[in-house]
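For this one, chain A is given, so just place chain B on it according to the hints.
Just so you know, the sequences run in chain order A and B. Taking our numbering, the leading residue of the first sequence gets -6, the next gets one more, and so forth. Taking our numbering, the leading residue of the second sequence gets 80, the next gets one more, and so forth.
Keep in mind the hints are simulated off the structure, nothing from the lab. Positions of the beta carbon are idealized from the N, C-alpha and C atoms, including for glycine. The reader is advised that the hints may include incorrect statements.
Said to hold, decoys possible - Interface residues of chain A toward chain B, partial, derived using beta-carbon atoms under 7 Å:
#1 A31
#2 V32
#3 I38
#4 F42
#5 K46
#6 N58
#7 V226
#8 T231
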Amino acid sequence: MGKAERNRARSARERIAAQQAAARKAEQRRRMLLIGGAVGLVIVIVVGFIVIKSLSKPPKQAGGNVLPASVASEITSVPASTLAKVGTGGLGAASTLPLKPITNKPLTAGGKPDMLYIGAEYCPYCGAMRWAMAVALGRFGTFGPLHGIHSSSTDIYPNTPTLTFRHQKYSSKYLTFTPIENENEQQKVIQNPTKAQQALWVKYDSTSEGVGYPFIDFGNKIVLTGPLYNPQVLHGMTWAQVASALKNPNSTVAKNVNGAANYLTASICKMTNNTPSSVCSAAPIPTIEASL
Amino acid sequence: MATRQTAGKSAKSGKAPQSRTAAARKPGGSAAQAKQAPAPAAAGLRGAWQGLVRWAGGGLPLSTLIISVLGVADSTFLVYQHFSQAGSFAFCSDRGGINCEAVTTSAWSYLPAGPVSWSVPVSVLGLAFFLFMLAVNSPRGWRARWPVVHWARLVSVCVGMVMVLYLVWAELFRIDAICLYCTGVHILTFALFALVVGKVAFSGVTGVPATR
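The following block holds chain A by itself, in its conformation from the complex (with noise of 0.2 Å):
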């Protein structure tokens, strides 16, 4: 092989050691882009989920978090012999609590009796009867999914785990349930009540201090100017083992917001002209009704 020929191989062997580079970085460069391309997306998502959540205004509709189904469920269809077992729970006689019958045209809606209740998402008394409204309506009707909050952090019994029934859906063929919660967790405004609404609770529920929280006013039959129970006992608890504690007939939970659902019961049913039977004629619920 002469000289030309060997530099000729040479260069040859050069330009293919270069092509062979050149296609080496070429494919460093497709497998460092396909990692970075996959990872540098996901974290490109994430960071702009997290943007976008700092840039956005709260949400309107109802706050607090949405509970399991199964939860919800455990809440509205306590058994009725745990009810039976419950009665009134150790909460005393009907005189000795803050409900009582009144005498007014009859309170309707949507051509039914209407259980107006008006209280505040800050407040842990409201925060302890909700609990109870919840049993009991769940007795007549059907919740829409239920939203789980916590009374406000600085106030009485703070953080006392309940539900808001801030624009919550029920629907029942035995009366109206018309859910008012003035104030949200801090304290601010969210709804208000009818002129109607308003002058019910001024005139029920009027003290030295003003109108109060909670107030439930039953068909006009019945009001309820105040909690049934203590919210302590439900501190520190969360969502599910309030609902889980409902089972049990000897819990101290059951025995507060179960007793407090049979006296809120035996309210409806005198709005509801004692039906359904099946829910009215059921003990203690009859015992109750005569008490109030």
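Relative to chain A, chain B alone:
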């Protein structure tokens, strides 16, 4: 002292090469080797580590194995919390933006979310995912001869990553709370995703060679 020795190469100090098990054999005699007297424990650990890496099939397979084990542990805890309906999570508040309870008791802790009777707890799905990853990321999994195993690994981490993005979205935009333990699972899934995609980028959807 030589910092890194490979069989057949001389030590940096110019001394005769030592095998990795030199510490066990305790070669004696020279003053330099006497200087290395405290090294046997370190050499033993290094040897054990290298043995572990070899057993797993390499550094990347070992990393995926470790991450899968951690994922199983975290997921198992979340499954336990779900079914025991335990009230509190250690080191995680039940109030405010970091709220493990709110996240794990929300409707979004089921798939599909919402009041559906046949929905499955997400924590159970997460545990199933990591148990599967533990299997395919085991030494046997990485050395499997069937391509379907390696493809299943890749597809699973991609599906897992999509699931993580969905759950992060739910935490930020539906639940308005973050669960620390769930975030741990998300980070582990992301790490697995990065490692597996990286392996695929460099050597295709394959495993590692069987040990000699």
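Cross-check of the supplied hints:
1. Taking 7 Å as the C-beta contact cut-off toward chain B, the hint placing A:A31 at the interface holds, the least distance being around 5 Å.
2. Because the closest C-beta pair between A:V32 and chain B is about 5 Å apart, less than 7 Å, the hint holds.
3. Against a cut-off of 7 Å between C-beta atoms, the interface hint on A:I38 holds, since the closest Cβ of chain B lies about 6 Å away.
4. Interface hint at A:F42: satisfied, since its Cβ lies 5 Å from the closest Cβ of chain B, which is below the 7 Å cut-off.
5. Checking A:K46 against chain B: minimum C-beta separation of about 5 Å stays under 7 Å; hint holds.
6. The interface hint given for A:N58 holds, since its Cβ lies 5 Å from the closest Cβ of chain B, which is under the 7 Å cut-off.
7. Because the smallest distance between the Cβ of A:V226 and any Cβ of chain B comes to about 14 Å, over 7 Å, the interface hint for this residue is violated.
8. Hint status for A:T231: holds, given a least beta-carbon distance of 5 Å to chain B, under 7 Å.
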